[in-house]
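Chains as they are written, first to last, in our numbering: chain P, 1 to 309; chain Z, 1 to 309; chain U, 1 to 309; chain A, 1 to 309.
Misleading hints may appear alongside valid ones.
The list treats identical chains as interchangeable, and a pair is accepted whether it falls inside one copy or across any two copies.
Said to hold, decoys possible - Derived DSSO-like pairs: lysine-lysine, alpha-carbon spacing no greater than 30 Å straight-line:
| # | residue 1 | residue 2 |
| --- | --- | --- |
| 1 | LYS303 | LYS118 |
| 2 | LYS118 | LYS73 |
| 3 | LYS304 | LYS118 |
| 4 | LYS30 | LYS73 |
In short, the hints are calculated from the structure, not lab data. Keep in mind it's a predicted model, so treat the numbers as computed, not measured.
There are 4 protein chains.
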Amino acid sequence: MQEITAEPGQGAYVIGPYNEPVATVTPGEKVVIETMDAFENRITSPDDDITQIITLPFVNPLTGPIYVEGAEKGDTLAVTIHDIEVTRNYGVSALIPDFGGLCGTVFTRTLQPALPAKVMIHPINDGHITFSEDLPIAAIPYEPFYGTIGTAPEIEAISSLAPGFHGGNMDAADVCPGNTVFLPVNVPGALFHVGDGHAAQGDAEVCGVATEIPTRGTFTFEVIKGSVIGTPRVDSDEFIMAIGSARPMEDAARIAFYELIMWLEADYGIDRLVAYQLCSQVARVRLANMVDILYSVVAKFPKKYLPTR
Amino acid sequence: MQEITAEPGQGAYVIGPYNEPVATVTPGEKVVIETMDAFENRITSPDDDITQIITLPFVNPLTGPIYVEGAEKGDTLAVTIHDIEVTRNYGVSALIPDFGGLCGTVFTRTLQPALPAKVMIHPINDGHITFSEDLPIAAIPYEPFYGTIGTAPEIEAISSLAPGFHGGNMDAADVCPGNTVFLPVNVPGALFHVGDGHAAQGDAEVCGVATEIPTRGTFTFEVIKGSVIGTPRVDSDEFIMAIGSARPMEDAARIAFYELIMWLEADYGIDRLVAYQLCSQVARVRLANMVDILYSVVAKFPKKYLPTR
Amino acid sequence: MQEITAEPGQGAYVIGPYNEPVATVTPGEKVVIETMDAFENRITSPDDDITQIITLPFVNPLTGPIYVEGAEKGDTLAVTIHDIEVTRNYGVSALIPDFGGLCGTVFTRTLQPALPAKVMIHPINDGHITFSEDLPIAAIPYEPFYGTIGTAPEIEAISSLAPGFHGGNMDAADVCPGNTVFLPVNVPGALFHVGDGHAAQGDAEVCGVATEIPTRGTFTFEVIKGSVIGTPRVDSDEFIMAIGSARPMEDAARIAFYELIMWLEADYGIDRLVAYQLCSQVARVRLANMVDILYSVVAKFPKKYLPTR
Amino acid sequence: MQEITAEPGQGAYVIGPYNEPVATVTPGEKVVIETMDAFENRITSPDDDITQIITLPFVNPLTGPIYVEGAEKGDTLAVTIHDIEVTRNYGVSALIPDFGGLCGTVFTRTLQPALPAKVMIHPINDGHITFSEDLPIAAIPYEPFYGTIGTAPEIEAISSLAPGFHGGNMDAADVCPGNTVFLPVNVPGALFHVGDGHAAQGDAEVCGVATEIPTRGTFTFEVIKGSVIGTPRVDSDEFIMAIGSARPMEDAARIAFYELIMWLEADYGIDRLVAYQLCSQVARVRLANMVDILYSVVAKFPKKYLPTR
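Starting from the given sequences, assemble the full structure and let the hints guide the process.
So, in structure tokens, the structure goes:
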């Protein structure tokens, strides 16, 4: 089985067409991909000064570009995640000044003093995460996913910190083992990137950081020829989903629902206005992030309500 | 048991201090409250023309004001919902021109032609809802809640269509049987209002209308003296929750998380910055509505992670 | 000439149909209206503690309701401002914690500490304002206008701090002597309110407070029968204007431009899509406020480009 | 005098570090730069079908990258525009489906049908623009500026349609002859790009398109060593200005005012909180665009209120 490694200094900090592929994969082939954590695995202690470790724009290193054979502009790349293994016995979270959902940022500028920096180390053992030795709360289950997954735009190189129509840093917990993620193909080989493993994350990722981990993930890729999607989609046992990323947050929700409704019309024969009215009764929504360069919202349609034909 | 009825022509279309109370209740007393549906029970057929039936601002009639004995400014009203019974064998949903999550509105003005009006009648039997005879999908379970619940502001009279710090039209499915809703008291007697029963609703209520029903609900009220909350809160078996309503949607999420974190600090002794970082790992979020005058977001903290003391 | 006075303790803190009129005016009659400043004239020294003086919701007292004879639902009220005289030799501005354009607020909640409170007294003499004795800058010209002007909604009572379709706290410097403001009539007599005099204000009113003054203004009212507008309009020598108030700010701009374009079509015969394309070449915009409960944007069409017929 | 030409097929559609410089300039040297219009000069008739001519992402071709000698990361590039000459006797504007301020877009998704496409040709003669032969309105003065001007980010390649901290497609009419624009330097040589000439534009550019022209502009570049700015700045005879680009629009305004206030503190010795309160009295704002990938707002401080020292 092909293994694609991740080494400090080798990560991609943009998703775009300009970096050379680090590997080539064949559709159907099972592939192991390593990823570094969002801080390039450089935080090892609660005493680390995150403001020194982070130097923009070199945050959130991705593994990639990975060239998928046969993928061409106008196709869709289907990425199935089989497994995500954490390769360290702890996760890291942090408070980062001028970053997060409840403080001023470089976009929502305020004149108030910033919140303090803080690093926490969260031990991970036997599928459980200890949030803090100092706070007596139940262990958090290990429920890993990739915060960042995407394919290259045609000519743009987008920061690994940003989500968008190409995927990217959506921080959607539905990008997890067992699910298939659909991404657009804009360039030959699709140029797939992945990283930002999370052992756990709350909806919204409110402080801006999840339980960040390095990983070894197992993937399969398929190329759906001549199929164009408008924004990333996800398929799970329970839901079909579309992910919108935008600001303000309502636009992220609009993109997600629009794509979901177009999907219901095109593939399941439900007229778009009927699908609109039906989603208003049965859809589920995940607020994936309220902290990134764009916010991400997942609109989810329960498969149990798909038409029986 | 006191029963407070709801009659066409008698509903309140604002939540404020200016209407005379329709009833007085005693804390601890079990009370039955009837509510009309959001269209004053006036839609009976898919052929009804909703653009004729709706005349702003007379939409979404509420039952109230209900005077709660002993409630004074600076208190919090705790409303426990025991049961919500539908009093008709169908629910109604609709497409309403210039209203909804995926079209221009009076706020998000567009020059495009409006979407068409449409009414659907959804039969309800034995705890199941039939979305449409024409679309072969599984029945939707009857999972009722109140879309609108609130107490009077001190001097404002707020449209029954709007949510806010006073509660109102939040369309949060957590306002359901088994849960307790906490609302601010700004005037003597709190002046409680409730209505907008939903037999089912998708997160976001994307087309703007749920499965609208008239109800008979059973409630108990308690007054928590000298306790001020910043925005409505909800307590369930599984979660403590805070509901933020604002535009843009990210501000709704900020209000909800801020209140949740202040609650975790004040009542559970978790330092606010630790609570912020913890919520980033374990919180859940419901997007309650993306269609009302303000959007509503519910930030939820799982009780299983509350500190054991 | 009728004079309508403003006394501390007598101001209206909501714009709605529930307060008794303080005066009645006849269309065409010249009327003098006094207004208090936004702090009820209670700040007299830079040492005043504004956090003690302000007690929500009792901020921004308005003079009103003023009953305009003959006005009925479905009409438009045209208010011409002839003159605004300051009735004190100073204006007041302030920093108010958790309020303003560059800090967390009750809507844009942050966990950072609030900015400090601060009061400044700005002497006004001979048509000039001294910003500060400590900062050697040129005098600011006295260019007065009313921050708040509006008519009662049909059933809502809206905080005097909020702008909206009814007018209200728009903080638009175009509401000034020489101009005519058009407001909707929703109730008998229109129930006009005015206040929040500003001796000067920057676009956006970025810290949340202008040079606040008490005034004596001279007005004339006209009732345009059977004419419905969608949002407040203003007519000046140079521009026809529409004011949108909403959040996020782009929705305020959308409302303003939509109304301006509908006006150009209805009254000047320019097809709406041509007007849209024309505004894209010649319109001007004022950002009136970025600090109030809703943001306000003024879309302005230069009269010199109106069709010659 | 060096002349840098612009040819169809040679334009840059991203601003980034990956394209080879098309020219090198020396600080202080006067340079002529040609630019194509936003449609690559391909529209010549009102009968042209803009939906066929536009193929995303190949819209808004820029001239560049231009390498400025001596510029290094951490410097600021000062670009003075001396003159903008239109090189054709007409401008072009258009309605583009799913693009503009008053319709659904790829971000603000709606289910309504799109507005129609439309092209207008606007003759330009003797400094005057004729909007339409069919609409008898006054000529619009030729007041040219560059809609797009920017320098390369360190690792991102940003669409020429997007504004941001690097400048880009801000559509700010203050980027005009006589003014100096300050841009960040993130890479050796700064890699300057310019294009999107406008003969006239309304504030907000509400339909999404201005009077688009190809140009010959005259520029001088200076490098300010070791000077970091947070967002583009502009200096004119009358104002110092900062341009914020973000969504929602209030964040664009926050960025602009924050930068302006930091500038007033750093270079003019006005304490930031005093500057905040002063801007609230005297600042001016231009809404540059409400249609691009990010909205742009210009915060302007009148030089007449700068401290006299």
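Hints and how they fare:
1. For the homomeric pair LYS303 and LYS118, the shortest alpha-carbon distance between copies (25 Å) is at most 30 Å, but the shortest distance inside one copy (42 Å) is not.
2. Taking identical chains as interchangeable, the C-alpha atoms of LYS118 and LYS73 lie at most 30 Å apart only when they sit on different chains, with a minimum of 29 Å there against 43 Å within one chain.
3. For a Cα distance limit of 30 Å, the shortest separation of LYS304 from LYS118 across copies, 25 Å, qualifies, whereas the shortest one inside one copy, 44 Å, does not.
4. Taking identical chains as interchangeable, the C-alpha atoms of LYS30 and LYS73 lie at most 30 Å apart only when both belong to the same chain, with a minimum of 23 Å there against 43 Å between chains.
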